[in-house]
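Between the sequences and the hints, there should be enough to build the whole structure, so can you do that?
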Amino acid sequence: MDVIFGNLDLWGTAIQNTLIVFVGGGVFALILGIIIGAMRVSPVPIARGVGMVYVNIIRNTPLTLVFFFFVLGYPALGLPRLSPMVLGIIAIGIYTATYVAEVLRAGINTVPVGQAEAARAIGLPFGQVMTLVVLPQAFRSVVPPMMSVFIALLKNTTIAAGFSVSELAALRATVNDSAGRPGSPMEVLLLVALVFVVLVLLLSAVQHRLEKKWRIVR
Amino acid sequence: MSTSVLYDVPGPKAIVRNRFIAVATVIVVAAVLGLIVYRFALSGQFSAAKWGIFTYSAVWNQILVALGKTLAAFGLAAVLSLVLGFALAIGRLSEHRWVRAPITTVTELFRAVPVLVMMMLLYYGLPSVGVKMDPYWAVVIALVAYNGSVLAETLRAGIESLPRGQKEAGYAIGLRKNGVMRLILLPQAVRVMLPVIVAQLVVTMKDTALGFIITYPELLYLAKQLSSNGQFQQPLLQSAFVIGGIYVVMCLILSGIARMLELRLRRSNKALSTRGSHTDPAPVEPGDPRLHPEGTITEVISVQDRE
Chain B
1 MDVIFGNLDL WGTAIQNTLI VFVGGGVFAL ILGIIIGAMR VSPVPIARGV
51 GMVYVNIIRN TPLTLVFFFF VLGYPALGLP RLSPMVLGII AIGIYTATYV
101 AEVLRAGINT VPVGQAEAAR AIGLPFGQVM TLVVLPQAFR SVVPPMMSVF
151 IALLKNTTIA AGFSVSELAA LRATVNDSAG RPGSPMEVLL LVALVFVVLV
201 LLLSAVQHRL EKKWRIVR
Chain R
1 MSTSVLYDVP GPKAIVRNRF IAVATVIVVA AVLGLIVYRF ALSGQFSAAK
51 WGIFTYSAVW NQILVALGKT LAAFGLAAVL SLVLGFALAI GRLSEHRWVR
101 APITTVTELF RAVPVLVMMM LLYYGLPSVG VKMDPYWAVV IALVAYNGSV
151 LAETLRAGIE SLPRGQKEAG YAIGLRKNGV MRLILLPQAV RVMLPVIVAQ
201 LVVTMKDTAL GFIITYPELL YLAKQLSSNG QFQQPLLQSA FVIGGIYVVM
251 CLILSGIARM LELRLRRSNK ALSTRGSHTD PAPVEPGDPR LHPEGTITEV
301 ISVQDRE
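The listed protein sequences correspond, in order, to chains B and R. Residue numbers in the first sequence follow full-length UniProt numbering, run continuously in steps of one, and reach 218 at the last position. Residue numbers in the second sequence follow full-length UniProt numbering, run continuously in steps of one, and reach 307 at the last position.
Quick caveat, the hints were computed from the structure, so don't treat them as lab data. A virtual CB, placed ideally from N, CA and C, is assigned to each residue, including glycine.
Ranges of calculated distance between the beta carbons of each label pair, as one might list FRET restraints:
{"hint": "1", "chain 1": "R", "residue 1": "E160", "chain 2": "B", "residue 2": "I35", "range": "35 to 41 angstroms"}
{"hint": "2", "chain 1": "B", "residue 1": "R120", "chain 2": "R", "residue 2": "V29", "range": "29 to 35 angstroms"}
{"hint": "3", "chain 1": "B", "residue 1": "V27", "chain 2": "R", "residue 2": "E160", "range": "32 to 38 angstroms"}
{"hint": "4", "chain 1": "B", "residue 1": "S204", "chain 2": "R", "residue 2": "A58", "range": "46 to 52 angstroms"}
From the derived model, a few chain R residues whose C-beta atoms are all more than 10 angstroms from chain B:
{"hint": "5", "residue": "A101"}
{"hint": "6", "residue": "A172"}
{"hint": "7", "residue": "V198"}
Given below as structure tokens:
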């Protein structure tokens, strides 16, 4: 118990930083992912090409390397200083955006063409075809895989620990290196693992509920 | 043209609009790339002094050694996680509760703990209970635990996607549980899930780069070491680009294999489904044994098989 109560201050900041990276990275990934996803399904060949190149290159780069580029590489460019946390959020956002884009693309492609054709046949204009028929169905089939993307994002926040962001996975080093902190690395790491298990199970539970609630019968 | 539901074949107005969007895309992308190149040039990232480090064969030897370490971790982790995946998948489908329950828990746990935390537990955590672990084994074991459990879920999904009749037919011809699983269910599940399995291997490959954080001397670790070389003005971005290129090429090869398998599978599935459809039986031609009441059963079956 000393591991928790002796280091309560550290646990507080660590959990807070993990959540900041998670939420920040998530929002960034969603915005960028929607743009890239839209490019990948757009009627403009050049936009599709740009989207494809982006997704294929970033997806096949280890996230650790993306962090390396941003957190360590960015300062070498002599641009305005940004904290490792902000750079970490950008790195994880840019990486996760590729997954968001792919999920969106797959979701839109699950809507049968007949749905849009039927909507046009009864005389709906493009805007209503989209908002009333296509997107609601696409959205429903997108939500469960999107939750998986966010679960992966949550677990990936730990990598920020290797790049001087003091979040949960970095806690061991902080406890270890400062004198008089109670707890062995083993205890700290087991607790960190437990926190992640709880958070991930929570997100999976949400995912299962949404999946059941929004199942489309086809 | 395409099967997308999002847009029609463009008319004259839409063509003009699409051209406009295309030009805008090119301008935005060129601006972003231009800005990056400009900053690179301004901060001296293109100087020969910084790239010079990659003209030495000694450096490339180091890169080869590090590449070997990355591949060593990836290779063993890939093989072992496949083994673990099969074991966990079969265990989770067991009919005995006392086998199923603990294996389900273990699979869910392994999937929920971040790989890096698992690596840290093995590398930094175990010494405090008196076990010293080499970074190589910490990387491999953590990767095996995570990817093994993910593969187990994949295989299980594959097995559950098979028609019920497959299993029943297996029992009907007198196979035991072992035979049904080994001879009938698993081969089909592996075939269905092959693209996903290879895609998971890409993830394994990418995750070997996490070893960098627990000081396993693989490619990214080498990149960090090279980047602190003062003699070449600390070529950080340069080593990241070179090493990153190596990773991208390796992963693209694996992704390419996954995509190829998927295409091939889809094609053969299509062939199967059109052949197996009962709504449209093949016309019976003269000379067909099905026309003759005397035709033996094997003759009839052989004709049906041909179609």
